[in-house]
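Trainee: Heads up: the protein sequence lines correspond to chains L and D, in order.
Our numbering puts the first sequence at residues 1 to 250.
Our numbering puts the second sequence at residues 1 to 95.
If you are wondering where the hints come from, they were derived from the structure by calculation, not from laboratory data.
Keep in mind that the hints are not guaranteed to be accurate.
Stated by the list, open to error - Label-pair ranges, simulated between beta-carbon atoms: (1) L:Phe172 / D:Lys22: 44 to 52 Å; (2) D:Arg46 / L:Asn62: 35 to 43 Å; (3) D:Lys22 / L:Lys199: 38 to 46 Å; (4) L:Tyr75 / D:Lys22: 50 to 58 Å; (5) D:Val55 / L:Gly48: 29 to 37 Å; (6) L:His29 / D:Pro7: 20 to 28 Å; (7) D:Arg46 / L:Glu229: 35 to 43 Å; (8) L:Ile191 / D:Val60: 51 to 59 Å; (9) D:Phe61 / L:Lys199: 42 to 50 Å.
Heads up, the beta-carbon is just placed ideally off N, CA and C, and yes, glycines get one too.
The lines below spell out each chain.
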Amino acid sequence: MNKNLFEYLLRLGDDSLIIGHRLSEWCGHGPILEEDIAMTNMALDFIGQATTIFEYAAKVENTGRDADALAFLRYEREYRNVLLVEQPNEDFAVTMVRQFLFDAFRKPLYEALQNSSDTQIAAIAEKSLKETKYHLKHSSEWVIRLGDGTEESHEKAQYAVDTLWRYTDELFFENEVDAALQAENVIPSLIPIREEWQKTVTDVLTEATLSIPQNGWKQQGGRTGLHSEHLGYILAELQYMQRAYPGMKW
Amino acid sequence: MSNANWPLWEVFIRSKQGLSHKHVGSLRAADAQMAVENARDVYTRRSEGISIWVVQSNDVFASDPSEADSLYEPADSKVYRHPTFYDVPDGISHM
Chain L
1 MNKNLFEYLL
11 RLGDDSLIIG
21 HRLSEWCGHG
31 PILEEDIAMT
41 NMALDFIGQA
51 TTIFEYAAKV
61 ENTGRDADAL
71 AFLRYEREYR
81 NVLLVEQPNE
91 DFAVTMVRQF
101 LFDAFRKPLY
111 EALQNSSDTQ
121 IAAIAEKSLK
131 ETKYHLKHSS
141 EWVIRLGDGT
151 EESHEKAQYA
161 VDTLWRYTDE
171 LFFENEVDAA
181 LQAENVIPSL
191 IPIREEWQKT
201 VTDVLTEATL
211 SIPQNGWKQQ
221 GGRTGLHSEH
231 LGYILAELQY
241 MQRAYPGMKW
Chain D
1 MSNANWPLWE
11 VFIRSKQGLS
21 HKHVGSLRAA
31 DAQMAVENAR
41 DVYTRRSEGI
51 SIWVVQSNDV
61 FASDPSEADS
71 LYEPADSKVY
81 RHPTFYDVPD
91 GISHM
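Working from the sequences, and respecting the hints, build out all of it.
Mentor: Structural data, given as structure tokens:
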């Protein structure tokens, strides 16, 4: 098995799975009916992406574990998502800012992954990019509306940016896994992707009249399995059925 | 958040090339851009369409139902307006 490829697929898949789960928590609680449906649609896009990625990861791992086992039967430290995506929804502003910071990273990443020497990854990227472009448009517009909206919405959006900013550095985490895969042109360098992310975020936050936090403390850990306290609760909910009734289907 | 003050929009979807836009329902949105996106999320999630029009409901001027008698009934007695008096030659299909 290609351990590096498997590890990388878990990063991609777990980011999608966990942010998809967070969005799904809004189902039935959206601020308005139309946005409730929009967030649920996006949640399904992400769960769909995770499914395809885990199916491929299961093939790469080749130990008999299937996509469901990867999604539902790993322990907390085996998840590789960034800390950003597991942060609680709190309110609509926090959810949309979190979504925007993530979408602004995912779009250039998928664009670059379309050129992967791994045809399976290239195909997943091409399909997911279409969804991601819409997600980014949707979340950007909401960040602008909230930031440049009423005094209250501005305050909430700024709070969201300030709270989540510390988790953004980890989006660009790289280690020997990346180096090995980059050498084979399976994945791109994150340096130009970070530049594009920076530009998108600066443009949108400026238009939203939100201020960009200056440097400050950065938190990492998710990519190496060290998560915030929130992931455990997510997994408890996500895994309950499979843990209580192993192998159940519906 | 309440959207009670957001205007109501009528949504029209075109299902495929060559067909006309059809009214599918309405929704609330702060502006036209949001109305199109909401319409995309609410009315095209099962591949119903490839084009969306939105029109503010306020801008739709409708006929008065109380005038229905004088507006529509007179047409009922004008059967000659329907092209039903032609003999269709044999071999013409799709009529």
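Trainee: Go ahead and decide if the range 51 to 59 Å is satisfied by the Cβ distance of L:Ile191 to D:Val60.
Mentor: 53 Å, holds
Trainee: Could you say whether the range 42 to 50 Å given as a hint is met by the Cβ separation of D:Phe61 and L:Lys199?
Mentor: Given about 46 Å between the Cβ atoms, the range holds.
Trainee: Should the hint that D:Val55 and L:Gly48 are 29 to 37 Å apart at their CB atoms be regarded as holding?
Mentor: 33 Å, holds
Trainee: Taking 38 to 46 Å as the stated bounds, is the beta-carbon spacing between D:Lys22 and L:Lys199 within them?
Mentor: Given a distance of about 41 Å, which is inside 38 to 46 Å, the answer is holds.
Trainee: Using the beta carbons of D:Arg46 and L:Asn62, state whether their distance is inside 35 to 43 Å or not.
Mentor: Between D:Arg46 and L:Asn62, where Cβ atoms are some 36 Å apart, the hint holds.
Trainee: Is it true that L:Tyr75 and D:Lys22 lie within 50 to 58 Å of each other by Cβ?
Mentor: 52 Å, holds
Trainee: Check the following: the C-beta atoms of L:Phe172 and D:Lys22 are separated by a distance inside 44 to 52 Å.
Mentor: 47 Å, holds
Trainee: Honestly, do D:Arg46 and L:Glu229 meet the 35 to 43 Å range at C-beta?
Mentor: The hint (35 to 43 Å, Cβ to Cβ) holds, given that D:Arg46 and L:Glu229 are roughly 39 Å apart.
Trainee: Does the hinted range 20 to 28 Å hold for L:His29 and D:Pro7 at CB?
Mentor: For D:Pro7 against L:His29, whose Cβ atoms are near 24 Å apart, the range 20 to 28 Å holds.
Of the hints listed earlier, there is not a single one the structure fails to meet.
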